[in-house]
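Asker: Here is what each chain is made of, one letter per residue.
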Amino acid sequence: MLLLLALAPLLTGLVRLVKARLLRRQGPPLLQPYRDLIRLLRKEVVLAHSASWLFRVIPYLIFAGTWVAASLVPTFRSGLLFSWSADLIALIALLGSARFFLALAGLDVGTSFGGIGSSREVMIASLAEPAMLMIVFTIALIAGSTQLSVMAAHMTSGEVGLRVSLGLALLALVMVSIAENARIPIDNPATHLELTMVHEAMVLEYSGRHLALIDLASELKLLFYVSVIACLFVPWGIAPPDGNAGAIAVGAAAYVAKLAAGAVLLAVFETSIAKMRVFRVPAFLGAALMLGLLGTLLLFVSGSL
Amino acid sequence: MVTAALLCVVALMALAPIAVVLSASSRANGLVYASCLIVTLMLAVVGGVSLFDRSTSGIVLPLGLPWLGAHFRIDALAAFFLIVLGLGGAAASTFALGYGQHERTPERVLPFYPAYLAGMNLVVLADDAFSFLMAWEFMSLTSWALVVAHHRERENLQAGYVYLLMAGFGTLALLLAFGLLAGSDGNYLFESIRAAQPGTDVAAIVLVLALVGAGSKAGVVPLHAWLPLAHPAAPSHVSALMSGVMTKVAVYGFVRIAFDLLGPPVWWWSMLVLAIGGATAVMGVLYALMQHDLKRLLAYHTVENIGIIFIGLGLALAFKAYGMADAAALALTAGLLHVFNHSVFKSLLFFGAGAVLSATGERDMEHLGGLIHRMPQTAFAFLVGCVAISALPPLNGFVSEWLTFQAILLSPQLPSWGLKFLVPAVGALLALSAALAAACFVKAFGVSFLGRPRTPAAANARETDSNSLAAMFFLSALCLVAGVLPGIFIDALAPVTGALVGVSMPHQAGLDWLTIVPVAESRSSYNGLLVFVFIALSGSIAAFAIHRLASDKIRRGPAWDCGYPDSSPATQYTASSFAQPIRRVYGTTVFRAREIGDMPPPGATRPARLTVELRDLIWDAAYAPLAAFIEQATERLNVLQFLTIRRYLTLVFAALVLLLLVLAIWS
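Protein chains in written order, with the working numbering: chain A, 31 to 335; chain B, -12 to 654.
Each hint should be verified, as a subset may be incorrect.
Claimed, not checked - Under the rule of at most 20 Å between Cα atoms (straight-line distance), these lysine to aspartate or glutamate pairs were calculated in the DMTMM-like manner:
| no. | chain 1 | residue 1 | chain 2 | residue 2 |
| --- | --- | --- | --- | --- |
| 1 | A | 73 | B | 539 |
| 2 | A | 305 | A | 230 |
| 3 | B | 407 | B | 313 |
| 4 | B | 540 | A | 74 |
| 5 | B | 540 | A | 230 |
To be verified - Computed footprint of chain B on chain A, listed as stretches where at least three residues anywhere in the stretch have a Cβ under 8 Å from a Cβ of chain B:
| no. | region |
| --- | --- |
| 6 | 73 to 79 |
| 7 | 89 to 99 |
| 8 | 146 to 157 |
| 9 | 172 to 185 |
| 10 | 271 to 282 |
| 11 | 305 to 315 |
| 12 | 322 to 329 |
What the hints assert, rightly or not - Ranges of calculated distance between the beta carbons of each label pair, as one might list FRET restraints:
| no. | chain 1 | residue 1 | chain 2 | residue 2 | range |
| --- | --- | --- | --- | --- | --- |
| 13 | B | 42 | A | 275 | 56 to 64 Å |
| 14 | A | 111 | B | 18 | 51 to 59 Å |
| 15 | B | 551 | A | 275 | 57 to 65 Å |
| 16 | B | 186 | A | 306 | 53 to 61 Å |
| 17 | A | 316 | B | 36 | 48 to 56 Å |
| 18 | A | 112 | B | 188 | 48 to 56 Å |
| 19 | B | 527 | A | 189 | 37 to 45 Å |
| 20 | A | 189 | B | 166 | 53 to 61 Å |
Read the hints as simulated data drawn from the structure, not as lab findings. Note that beta-carbon positions come from the ideal geometry of N, C-alpha and C, so glycine has one too.
Generate the whole structure from the sequences, applying the supplied hints.
Answerer: This is the structure we're talking about:
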């Protein structure tokens, strides 16, 4: 758990750095997200007069929900101590709870930008969440389980092979992950133009330690999605539950390599595409939903597709 | 046990005339509701004892049809619904102890309230078709009386009218269903119906009729039209009962007929139920998202949850038809658990809406806002309800939806091709409705409780009384307990599924850490308790560490809002502007939503206006033409009222000849 907490800002730092280099900028140093977090943590909180008690509790709830979800994903070793306490559906729903509270926070102070952010976020979520569930269905039908560690074990076992439905699910999962993490083309994490903000608009009123927690939670969320993709579609190298120290070391190295590859791919993708208009997003996510549904449907029709 | 339950019902019935006599006195409110509270709690206990004893008990009373008598029985299914009814009724009565004092015309509410409770319980207890229908109609009529309690408002009168029509229509369908089941011998006893086993054609017609009859009371699309009108019109504690509890009595009616009386199901029944369930779930939540009246939003949302319940029931029928008993038990448990969960959080939310209504006099969310500052306790309870109903862990709504998803994941093994295509689509609809429900309750809570007050009424609201709060906190606690310890509730349902589909889900209570494992551990498991503990721990550790090691200073200042804060609360997002993106994405097709902008030319002094036009296509396509047809037909037939005596006699004679002819040709 703590390891994830330590890794999450690094992943975001790497994405930022690669993006900057692709744009021929020097870019912030790799460790900048840590410095940002520490600086924010030390600052005092400036709270709007109209903010309620809920506004102050929400950052902790979001952070806790995302952290728990991220720690229940098998990263480099499959036999997690508590992996049975929540399956993939529950993890998605846990992130859904975090989003629910974030959207409430956007409405709490009673400003127009917060409202913009929340209302757009729930619109995006209303498509992204079912799409994600359909993806889970597809993979669960192949693996015969919704348990992430069982799924990963099944994927490595070699009896899966190349399948149409898995291809559809991977494509849809990438699309959903981009949307869920407020990345270009859905949202721009580095935007400073108010009317294009979604995630940034919701957290506009946050400052100090509250903002630090929310930033850390979104970094954890990025890590969650990269880990889930890695665990399901490139599960090679994950140490078995009874693996020795050598296997665990290989697993850890493989995991770090996967994260780095994910970060580079994300940065390349983000620099090569322009942001969409808000009302083009439903078409994008609708496509992801349809891909997920198609994958599930194929598996209902024939178990071998 | 059944005697005790009937005594409770009699006590409730007796309360009604007492309430008529007492209603003028100032103590009537407390007396009636306190008695209702005690009696409904006793009913819940009776249900609980019979469920855990796994005992059935019956009784025959010399009432009703002379050759039949009135049969009453408590079996596992009835016992489960008695618990739902008892808990819902007890919570509503507690809430009403406080809320009822704001009632301006108590004489129109107090007598009907206990009678309504009695009617609902009688439906569940009835063991023959005649008593069932009598109780059903009694329940409809008493609830109608409560809907039109505030009859001076035109809207309520119209709601009552539509409700009465639909209730009559639903009872008619059920009457025909039971008529077919009883056959030409008139076997109205449930026991002899069960033994008779109707033929497949008759059974199919009965299923459709039951779906229409019970479905119209439960509010399945397209028979839902009355529900969002009638439920909000009643006083809030009655709204909670109607939405949270009466719709469950309707579900009971459907389950009783489809799973118990009809015998082994045919596979295509489940297609019908699943398709209706999926459509109901999505349409219900989309309607709810378009509302800005808090109580109406909640009523539409009931429609969505009924859809989720019917999806579970439909899956159970499909599995039962193909002899997959374990999967059927899982699906049925999911549906019934959602029955319980929905009755808890929907009552809670209606209480919250009622508390807001009595504190501000407003149901329109556009006139609320910032109530969390003025009513912090109500806001907290309402928030718990919102999280639970949005199917978010670790509360109870998530558990039943999770079980439904697990049941869907078992369905590729179904051999029928129709189901193979339908079930994934229904799964997608269920997922969509869950996500939209979260959006809907962000809106409901965010616009009414958060932000800045939009009207003086909202700015000067007062926290509600302690009885109402007690009812809300009791239900919030139930939401949490059912969410973190779902194993207990699943085990409690075991006798019910055992009676209806032959087997029950694996026993859950003995598993490590109170995890729930619906099929096999390698397949899926969920532990609400651990998830809750993890979240609580990591949240509080983070808070403690940050406050100790980093900073705990707070400074209050004006809102930032990108440097342009506007002091007017009118600049906040409203309920309709919040729903605008979703309206554009889904509403343009589903509701033909159009935004009409009226921009005055430069120099004109009139204000610019933006109006949104929504059309209810179901109403336009089904209800409006039907109403127009009936109106036209009655207009034509009106001539018959003004005939001479000779013509009337001719008419009678002609009818007689016609009937005799029919009889002659028939035989």
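Asker: Could you tell me which of the numbered hints above are not met by this structure, giving the numbers in increasing order?
Answerer: 5 and 10
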